[in-house]
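The residues making up each chain are set out below.
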Amino acid sequence: MNIITKLILGCILVSSINCLAQDYKYGKVSKEELLEQSYALDSTANAVVLYESKRVYYEYNPTVRWFLLITEVHRRVKLYNENGFEYASDDFLLYKNTRANEKVSDLKGITYSIEGDKIIKTKLKKEGIFENEFSDNYDQIKFTMPDLKDNSVIEYKYKIISPFVYNMDRIVLQGQIPIKKLEVKVEAPEYFNFKKFTTGYLPINLKESSSDGQFVYIPERSKTVNVLKRGGGNVRGELGFSSKYRGKQRTIDYKIKVNTILSTDVPAFKMEAYSGNVSNYISSVVYELQFTKFGNSVENYATSWEEIIKKIYSNPNFGGELNKTSYYKDDIQQLVGGIGDPVKKAGLIYNFVKNKMNWNGKYSVVTRGGVRKAYKEGTGNAAEINLMLTSMLKYAGIKANPVLVTSNTKVVSLFPTLDGFDYVISRVKLPNGGAIYLDATDKYGEPNILPTRVIQGVARIIAETGNSQRLNLRPGKPSLNRNSIQYEIDTDGVVKGKSNTYHLDYLAHNFRDKYGIYDQESQIKRIKEKYEINELTNYEVKGTTDLGKPVNERFEFVVDDQIEVIDNEMFFSPLLFLRHKENIFKSDDRRYPVDFGYGFSDMYMVNIKIPEGYEIAELPESGGFKLPEDMGSFSFNSKLVNGMIQISVTETINSAVILPQYYPAVKEYYNKIIEKQSDQVVLKKI
Amino acid sequence: MQKIILPILVVITMFNFVKVSAQEEIDLNSAVIDSVLVKNANAVVRSEEVTIEINSVNSITTKVKKVITVLNKYGDRHADSFEVFDKSRRVKKISAIFYDHTGKEIKKYKKGDFVDRSMINSGELFDDTRILYINYTAVGYPYTMVFESEIENSTTAFIRPWRPVSSNYLSTQRSVYAISNPKKLPLKIKESNFDNYLINNQKEEGIITYSIVNISAKESEVLSPLGDDVFPLVNVALTNFVLEGVHGSALDWKSLGKWMYEELLKDRDQLPQETIDEVNKLVKGAKSKREKAKLIYEYVQEKTRYISVQLGIGGWMPFLASDVDRLGYGDCKALTNYTKALLESQEIPSYYTVVFAKKRKDIDPDFTSIQGNHVILNIPEEGEDIWLECTNQTVPFDFIGDFTDDRNVLIVKPEGGEIKRTKRYEPEENILRTKATVELNDNASMTATVERISEGLEYDWRYRNQFETPKDQKAHYKENWGYINNIEINSIKFNDNKDVVKFTEQIVVSCANYTKKVGNRLLVTPNVFSCDQINLPQYTNRNTPLLISSGYVNTDEYDINLPEGYVVNNLPKKKVLETEFGKYTHELEKIDDSKIKFRRYLKIIDGMYPKEKYEEYRKFRSEIKKIDKSRIVLKKL
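Residue numbers (my numbering), protein chains in the order written: chain A, 52 to 737; chain B, 18 to 654.
Read the hints as simulated data drawn from the structure, not as lab findings. C-beta: ideal position from N, C-alpha, C; glycine also.
According to the in silico footprint, chain B covers these stretches of chain A (three or more CB under 8 Å from chain B):
#	segment
1	410-421
2	428-438
Below, a list of computed lysine to aspartate or glutamate pairs in the EDC-like style, where the Cα atoms sit at most 16 Å apart:
#	chain 1	residue 1	chain 2	residue 2
3	A	LYS735	A	GLU663
4	B	LYS534	A	GLU726
5	B	LYS636	A	GLU583
6	B	LYS590	A	ASP618
7	B	LYS600	B	GLU640
8	B	LYS56	A	GLU572
9	A	LYS210	A	GLU123
10	B	LYS592	B	GLU604
Covered stretches of chain A (in silico footprint by chain B; criterion: 3 or more residues with CB under 8 Å from a CB of chain B, positions within the stretch not fixed):
#	segment
11	127-140
12	726-737
Only chain B is shown next, with the shape it has when bound in the complex:
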């Protein structure tokens, strides 16, 4: 999303409206918005009031009143006017009214005007959640939407949190969040990232209120952490809650974990005897626990596949292990539970593990509540635990990759829950080694054989190539080396050694005009295969810290055979860049008159760096990029 100019600003100064103040204190006239809020904004939250009324352990009413002024077409998406609902969530009230820039009403939607539709996504087979929404076409900018809703939820395990800074290019004039708890049910509240923000917090008898005013809009920034890790956030949870009719307790992780085990997992791990017999046979020769677990994991990979079906206690209960056994498919919960059951049949204890997948996010250890969006399996081991991703048919045993690495997770044991951290891949473990022999010819053409070996996360980022069609594989390399015009991929060979997690690509390439003839010179970029293509934008005022989520080490070593009749005079000196983000070297060595050697080393160290460091990192990468594409001159004899 880009931020946009506001032709309305001109309009605003031109007109001098009569204040058409509607019933509430927020002036629906768009002209009164402070210029600080307009800067960088596509829309302004004029006012957002969310009230959480905790009526009882099985009833929470969430009342929302939002007034949003949309400044341009890119801001339309912020005028979100929908509510999702299901068996336990009832939409008691919903309405939306739209006003033009003067504050005059243009369109009104009552509950009956909302479209009611199932919330199915394309990748999903089934989801019983439904949505009420409207399709509003803007008839001019700016406009203001007043949205009101009231939802009553009999599932009280999840309470809408407060995120007053939720989107880029969206400013907030005022946001209020109130929790009313007249019955004084035991409650947990966690405030995060309040530093640097002026937040008003009032605790009265049975009511807690947070409010914030005048937050200017932010631009999107690359390599930044999740919003929840930097912007103000209030999480609220009931100690005793209900999840689709099932009562639970989240006093601490131990009790919550125990509840999960008892209510969601227990007795769902029965397997047919035939399967147990089969597994007995399978692991017979295996010596260690690890060896057995590996055989079982591969058995699951072979036998099952992932499908997305959100059913059962709000989508939190896995299908029966016996169903997965019979059907050969399931979602993450079902497949994990199934693998766990198979391991159990061999007396290998393993634990159902709840995690936030994809972008790294911790299960917050200080805030006991149902969290997470994915499930993996943990097998405790002396030394390092084994972690299994059960939804992937191709990934090696005990390899979770960056999908769930290095984060706090909840281990669900029969005796209770426990927070653990998943495997962290150190930069030195994530290796890409490129070796090549390059032949340069005097007609400017080039042929080369390249071998790339990937390990660790580099494996994760690359091993899927083998599953593409040959046409797509070719396209992949042409894209990867897109900076070499007219590159031809002559052959591709892969070797996937899952036992040691090592992926080898052997590629033969050629290019009719790799070098550039200029008079009696031939210009050559010795770094044929690892020119950095990253393009980091500059920010005048970066707001968020720099997050490098994974580190790695890339090395290159090429033998470059020079074309006949050409010589190289002075090779450039070795270049070394060293920063706190990592190290880079670029080195050329003359072996003899017809051969040079190219070496490159790049190590990037992962971590969260203060925002001031971003510019240094950008410069580091841009310097690397410049050196990467640098050329040498060969002269004709």
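Next comes chain A alone, as it looks inside the complex:
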């Protein structure tokens, strides 16, 4: 803490801090706040953030003649009852690398309670603050507030001091509990120029203004090196204009760009089923450095895609790695030497990498241990595996390029930035003009069949020439499940039948990924549990290893709980255990899209032989319905063919992503499917 205290004492403060209303000053919790019994907008909330302020600004430090990035957080939380007490603990992360680390200072907290007329205050002390190692690059500070009672208000604040001045953390504007009042202020000196974008479905009231700042520049007297250890690769040395003022101590005025966000009554964020990448839906503002400008020295960080591509290709852990060939040369020559057909060559190389390499689960756009080491050890991160693949394809004379991907765990950036990507795949351009996308991290992957982490994200193809283009990697057509079942019913209502299912494309991929290496017994157990079938025989699965082909599952079954015999009639749903029983969507409304990953279609062909001595009394009517804008459709057809009942059902979702305004329609679509699939066949004793 010592250095920090010194820094803070030694610095010259910039701009006006206090734009906050008096009520929200730290330590000034009011009686009204303590007496408040519930949150007016949601009387059932167990806790609510009464006030949250976040201030992000730069502070000049004369000792090191450089800026530090400061984040000040102040939060006041109302805990209406003990079920809200979990919000009396909080934590945050501090980034570190081998060269520098973030520090916390001034972590303070008070718990307020009211007793009669008296406000009782209890301070957060060291005993309630815990420091843990979170990962290689993060330490974590956890703290918990003391002496809570129903209706207590807790308040805490802290300051994070970061030498990583080019990286501003995403500012999240929504939480697990509602926020009554939120104030965010981001102040960046003219030297640091950020671009920003927002995420989420809530309106964000962001205002821009400017203010003035000043610091005293004291030139370096001797060659003493900086006392403060400077941060990572993007922490710069001397200010660019230092030479201009060499030898002179002087006061420097500068402009500050100010962004303020003021929100009131921010609702809590709620997780829903089929959410895809939720980080895109939580309200937030993201700042990304565009350029720095010190005097006349301008350095661009992200101006255009061309710049970014140039940058990444010149990065030794990307472009450099892509250009290495010696480590695989012989192997690839042996593999594809003499083969002319580029498609065949590409296939061989893709399979070679897929089989040889084992993904270590790490997302990255740059290599870590390097392709050579990865190749040797047979394991690597996404960049190592797919850059290696791209490089080999190129080496074999195939037109291949890396594709940068924002995976489904990362916020999608709205403008050119390298930080927006966390994954790499490869694209091959075919002689006929077509393109295939390859990801060799996925053992069950196929050309154009990519893992969910990739298709649910966004991608950009980049060529060394500087060309780039945003891509949609979602499959163009829905994947298919083709089910056919034939069964006969005996006079006791016992059903005996056969089921035959083909899983295609993404559904085949999904099957292989989940159940591909299950043995026979496990497969049988799985089906029995899924459909609640007691007697299942002759299970067979084919194609689990024949990538590119469908997966085929067949089995025979006997079930005794599908047909109800009442008096002289039999009642049943013709799809038996295959019908949907529960709607996957239960919430009444939804604020963000439904993301299925890919479109899909389930087709059922059912042939039913009715028992001797029975006739058909009722048969479900044929019919169908559609989702708006061709997002999906359902059809149901029933007919009698040679005394057999024939039912065909098709159920399709064309759009992988469904916007929230269509949520009620999709929910209703599933309701109607369940309803239609439960329509009854009635057989009557003759």
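Fit chain B to the supplied structure of chain A, relying on the hints for placement.
The following block gives chain B in isolation, referenced to the frame of chain A:
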């Protein structure tokens, strides 16, 4: 976890390797594994040798050498290659070497290659335990890991036990466990569940050895007891031990309890006078001990909350009562000790009680040693003792639920320890009564008002609903009655009567298409609210006994008003199922032309049943399920 096919088996027969036998007797070639060991297995423990060297009362060296062949990706987790350590546990050696299926070395990790990280969990604020581990990415299956470690521990209160059958889908070719006690320190050894297993046991001068070979892999089975209750287990403890520098004795429960009291609890119960005054005032009007204890318990619930911080004599010593008083939080030990101190201020004796929480597990009365993972409070009473769970702010007084019910616990008294059994909830105490009035309409829709009353463990399983947000409460009921498509929850009301432990839910529901129109018929499931949803798998060869951990009685009674213009002809006969696991009835009664009554009764009797009984139980439940969803036909007039 699922068990998996082994493409390698094919490989195995295809290749005919040269034996690349490494330095030890275990052949690292995966091809030599017996097919009996491969069946159902995701990994095979080729050899596990654990040697416990008891050097002195404050030094134990644990040497481990494990050779594990991982057969497929689901088996990766069995190649556990880590050690935890702390102030008293030192990792002297640790290494891991990986070999491919031919026995060729592929990767080697020396001690310096292991990652050293604090062992913090997300629900925990602090824990000073650390871990050394590696992240190995498999580059092909099968592969074999040889892991070796040596740990020296100055805390000798816990000795690594022997569990040769530890996981499902894991087989064991050979497991050896040796305890070397050259100084002949007094030692306790308890062997459990040795029946049905061929275990070799050798007792030589100062060395005791257990070994077992060729144990095939087991599948996971539902409703089965804890592994420690069915699979071989050897527990070892020193009579005189050290816990983080503190010497102790575990001659018998009395002496161990006394030690715990003296070393961990004594003088940690001081309270500020203000608090005592406050409590004096609080209990002033109360007449009985029980009444006072209840007021104090509610005071603690109001004032404190649970947090997890593992500190102090290996996490065994509670924070001072005065700290809890000041901070308003603590872990189970701290909150229990605090409650005890408050009771003491009113001269109500109560005892700190060590227990295994969650899945029922006894403090083994025949094996005096430090056991348990949780602490509750015992207040002796004539008749039935009072038990208090001090970490829960919402649970009623003297209600421990199935978290710590019906098990042996250690009561720590100043004069010494004592084993007692916590409260058992009989099936008849765990009641769920559902009453409903159901209106059926001729447009196939349904509306109903439902009242459910829960008592006993049923209370425990249900009362938390009230603390959810309205959206989640709705979701909860929609999920609970998920078999009713498009059910709407129109209103929810709760009444939580903690004094008598009774939770009442009043719910109004509706559904646009509850009944099914077929021609001139209307199909109705009269059991609207209690269709059994349990789905028990079949096992061709069940290995473990059937454990029904809690019994209960559920009753339903609905008045069903039929839609106008429809009549019911023949109602099905009353159905009764009776087995040793319980009783079920399903009954319909015609009240008049427009009304029927539905009654359901289900009693499940808890207990441990032999494995052969599982299939009977499964059939019982599946029959119930079938009857539950059965329908009746209404005909249009």
